[in-house]
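Enquirer: Chain by chain, the residues:
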Amino acid sequence: NAGVTQTPKFQVLKTGQSMTLQCAQDMNHNSMYWYRQDPGMGLRLIYYSASEGTTDKGEVPNGYNVSRLNKREFSLRLESAAPSQTSVYFCASSEADSGSYEQYFGPGTRLTVT
Amino acid sequence: AQTVTQSQPEMSVQEAETVTLSCTYDTSENNYYLFWYKQPPSRQMILVIRQEAYKQQNATENRFSVNFQKAAKSFSLKISDSQLGDTAMYFCAFMKHAAGNTGKLIFGQGTTLQVKP
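Order-wise, the sequence lines are chains A and B.
Every letter in the first sequence is one number past the one before it in this note's numbering, and letter 31, counting from 1, is 31.
Every letter in the second sequence is one number past the one before it in this note's numbering, and letter 99, counting from 1, is 99.
The shape of chain A in the complex, shown without the other chains (with noise of 0.2 Å):
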């Protein structure tokens, strides 16, 4: 049982490239979340995804698109990296109505831009 899974652990990409962060979760949980971790800032939600086929906008949705593929997947892209997302990624899911609320998170996507 892997729980959630993230790939990559680590990318470097210049100002301007574009990248596709994946997550999987094998708990057949409904929702899913990205995150991203700055220092001093805690984590706050870039996307998430109630349900599959549904998607919807967080805190800080600027500069990110989402596409929840199937129940499992749920990827995170950057059409045009800037050095303001630099920062940790992290992949969640959950069983909202589960009575738990318990978010399973990823180990994390340290992204750097330059």
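For the record, the hints were derived by calculation from the structure and aren't laboratory data.
Ideal Cβ positions, reconstructed from N, Cα and C, are used throughout, including at glycine.
Just to be clear, a hint being listed does not mean it is correct.
[Claimed, not checked] Have a look at the derived ranges for each label pair, beta carbon to beta carbon: (1) Ala2(A) x Gln56(B): 36 to 44 Å; (2) Ala72(B) x Leu69(A): 42 to 50 Å; (3) Ala72(B) x Asn65(A): 39 to 47 Å; (4) Gln14(B) x Thr20(A): 40 to 48 Å.
Fit chain B to the given chain A structure using the hints.
Expert: Frame of chain A, contents of chain B only:
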């Protein structure tokens, strides 16, 4: 909009002693959940403890307990018998409870806890 504030950026405690991390939040909601997550140097986010706002009894999980003061909008975490493995960043988080809840979390800024031998 809800906000979560952790006013202690860094704390330290001697091994085997007790430490309390503070968290306050602002919301107009009556039904919600509060969480403490731990992030050790490995970067993995781990749920430590959860509190439902409708429950008056404070949640406990082994050496971890909370002091939930709903009227004061305060949610502190007490770690008893601190261990070296408790060294981590701790995040307080809020989740609104509603029909069709999407489970979105709002995090505080985090408190870095150092347990000293």
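Enquirer: Each hint should be assessed against the structure and marked as holding or not.
Expert: We went through each hint and held it up to the structure:
{"no.": "1", "hint": "Ala2(A) x Gln56(B): 36 to 44 Å", "result": "holds (38 Å)"}
{"no.": "2", "hint": "Ala72(B) x Leu69(A): 42 to 50 Å", "result": "holds (44 Å)"}
{"no.": "3", "hint": "Ala72(B) x Asn65(A): 39 to 47 Å", "result": "holds (41 Å)"}
{"no.": "4", "hint": "Gln14(B) x Thr20(A): 40 to 48 Å", "result": "holds (46 Å)"}
The structure agrees with every numbered hint stated previously.
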